[in-house]
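Participant: What follows is the residue order along each chain.
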Amino acid sequence: KNQVEQSPQSLIILEGKNCTLQCNYTVSPFSNLRWYKQDTGRGPVSLTIMTFSENTKSNGRYTATLDADTKQSSLHITASQLSDSASYICVVSTNAGKSTFGDGTTLTVKP
Amino acid sequence: GAVVSQHPSRVICKSGTSVKIECRSLDFQATTMFWYRQFPKQSLMLMATSNEGSKATYEQGVEKDKFLINHASLTLSTLTVTSAHPEDSSFYICSAKASTGLRYGYTFGSGTRLTVV
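As you go down the protein sequences, you meet chains A and B in turn. Using this note's numbering, read the first sequence as starting at 12 and increasing by one per residue. Using this note's numbering, read the second sequence as starting at -8 and increasing by one per residue.
Treat the hints with care, as some may be off.
To be verified - Among the chain B residues that face chain A by a calculated CB cut under 10 Å, a handful are:
hint, residue
1, -3
2, 20
3, 25
4, 27
I should point out that these hints are in silico values taken from the structure, not numbers from a laboratory. Computed from a predicted model, the values in this text were never measured in an experiment. Glycine is no exception: its CB is placed at the ideal position from the N, C-alpha and C atoms.
Can you build the whole structure from these sequences, using the hints too?
Facilitator: Take a look at the structure:
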């Protein structure tokens, strides 16, 4: 069964600090892994998209890593800002286009 | 970048009425669109996948007669919640996949908050 597990479920950090969110998956055959940021009451916004051959991708203060061998990904947020408070969702897709969503990590950045 | 426009953003309707939600890809062609439902503090749950010009594929447990999906063109898909009841109150989100390439990936609309009273 294809599964995507994210950890931690929730996280509280102080503004300016860094944090790392984890995503482990068992989706097969793997096509791509995407990280999204979802603000409360809004649709998810794409942060990064990685295929099998990519092991790191950055988007501003967001850096995603992918280890296709261990089936793990991480999203690192540098110098957090209050606006980073949101839910971060990891989505893994198969070659057939079937996507499996993680339950998300709720990040709260406090001043 | 790819933009998906979803309307309305909020709607309140009376129990028993129908509500239509539109999802448009603004600058790319989307052969496939997805409709999700999201309850508070939960992840997105795929309801159905719609392909332009063909019938939608519904996930197990989703009533196709209650959630009507029409994907009449490469840029527009609609979800109609028929005979809505309070338990249908939820956050509905669409996403669209570009016809070719991964560049646009799966782009999400901004969501529709449906409240049935």
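Participant: Taking the earlier hints as the rules, which of them does this structure contradict?
Facilitator: Of the numbered hints given earlier, the structure breaks just one, which is hint 2.
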